[in-house]
Amino acid sequence: MSAQAAEASAKCPEPASRPQAGRVRTSGAARNPMRELLWLTPYVRRYWVRLLLGALCVVLANLAWALTPRVVGHTVDGVIARTLTSSELLWNLSAIVGLTLTGAGLTFLMRQTIIVVSRILEYELRNDFLHHIERQSARFFQLYPTGELMAYATNDIASIREFLGPALMHGLNTLLALGFSLTFMLTLDVPMTAFALLPLPVAAALTYIIGKRVHETFTTVQEQFAELTRHAQESYSALRVIRAYGAEAAESDRFRMLSQEYFRRNLRLGRLQAFSSPAMLLVVGIVQLIVLGYGGFRLMEQTLTVGELTQFFLYTNELIWPFATLGWITNIIQRAAASTARLRRLREQEPEVRSTGRLPKRPADIRGEIEFRNVWFRYGDDRPWVLRGVSFVIPAGSTVGITGPIGSGKSTLVALLTRLYDVTDGQILLDGHDIREYPLEVLRTAFAVVPQEPFLFSMSVAENIRFGNPEASLEQILDASRRAALHSDVELFPQGYDTLVGERGITLSGGQKQRVALARALLRESPILVLDDAFSSVDSATENAIRAALRELTPRRTVVLIAHRIASLQGAERILVLHNGTVAEEGTHDELLRRNGLYARLFRYQSLQAELQAL
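Positions 1 to 615 (our numbering) are the ones given, in order, by the sequence shown.
Computed cross-link-like contacts, DMTMM-like style, restricted to lysine to aspartate or glutamate with a CA-CA straight-line distance of at most 25 angstroms: (1) Lys410 with Asp533; (2) Lys410 with Glu591; (3) Lys410 with Glu371; (4) Lys212 with Glu261.
If you anchor each label on the Cβ, the simulated ranges turn out as follows: (5) Leu500 with Leu130: 15 to 25 angstroms; (6) Ala205 with Asp382: 45 to 55 angstroms; (7) Gln112 with Arg367: 56 to 66 angstroms; (8) Pro395 with Ala232: 43 to 53 angstroms; (9) Ala364 with Glu552: 14 to 24 angstroms.
Hint data in this document are derived by calculation from the structure and do not stem from the laboratory.
Note that this is a predicted model, so its numbers are computed, not measured.
Idealized CB from N, CA, C, for every residue including glycine.
Hey, can you work out the whole structure from these sequences and the hints?
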């Protein structure tokens, strides 16, 4: 493409902006806790048989516990009236023991069933969360920092599990305990039951007020935890930079301030939670006082037996645990509703880049011809254009260099090629087909990319290289390492290829990290190799050795060399020069020097800079 053509494309009218997805706010209280929790229904429905079995165990266990005071009351009255024989007394005592053991055994089965299901659901929620995150486009990760996503995957899902397990189990247990106890209390004495229920409206009001405050406070706690996690993750990753600038004290102060705010919010939450259970116990204490007072008068009037009062008092004791846990269960429900609201809103965000292609091609069938047709792109409606009417063709099996000043759009080309972003307007074609016609997995497998800032996992050198091809043998790993001029360095490591590189490759130099990433890309055997400033941290001798190895790849692969340093483009058959988001020049190295344009100026400037550094 000529300079005149580039100028003409730059004058094309700007395309209409497409709506850009933004961050969905997750703060604030849920509209209705139970409505938010209904979002979990599809997960719960998968295990309805197990949960039904667990619920049956809850019903039978509570029935056993509820029958026990009944037997105790009859036994007390029989002993006082001397109407029980020895065998009947032993039978009653055996019944009490049997009911107690039955209730305990069914409670164990209930816990085993429901808690196990909650753990399975937690596992599925985390897997689905990760799958959803993996499908998101690059813009999503600009809106949601890694630390915040970690908070979703840990704290929020853990809160949901507490609801699906302990809260669901104890909630059903509480309702049944209340139901059975109140039913038997009504069969004993309706007026005394009515008096015993007088404090319940107070308990309901307390539950509502405290629950609402817990929900709102827990939402702020989760948001602060996300901020704290984000800062911690950034600090760990940037430890070298922090030390290099002597900023340890400043970063520690910042982390301390975030921790203090997290502590203050948790303290407010803790106070609310600490108040709820004692408040419920106070209500139960008032109920027991009413029962003892009213029951005592009934005893003196001889309208109530000692056994009946004993039964009634035991049933009020049965209410202690449900009332005490009612506040705890409410807290968990409110926390889970807040977490579910946050998770739901995040999960409802659809990826901007979708895999809608149905082209029946395998990566091995792709030849590697790349074409940009009048491509326009910017990172948001309020952002400047990064690419403006860019058009060029890279033939299959060729080696093409791309250079230009900083900010000219070089790395953006890579992001668009692999559909980390979609073009705002125009087309990118691969082998004559729009890249959106390819399934994302096929498209991205066709590219082996070495980015500007290579990312290494906290694994061994061999495992990091094998990431490009999990089925690769050790010999293939060694071959890729030799072609990347890495093998001689690795041989000097204490454990060779089994040496752990640390988080993000912290134990390796910048050049070694780039070469590990290059070896990984070479091992991938993709039809297109993209090197985005991949030689910026290696010396000239190493770079020459790598370039010699790359020449052996063509014509089997299309190689795209992106570099700010022109010396890194030696051996490229053609060179594209980007400037202000357009293709300013195109040609071979010699042709571009003869034109005496931007490329020639960059070359002279960099050559002079290299000479001055050599002095």
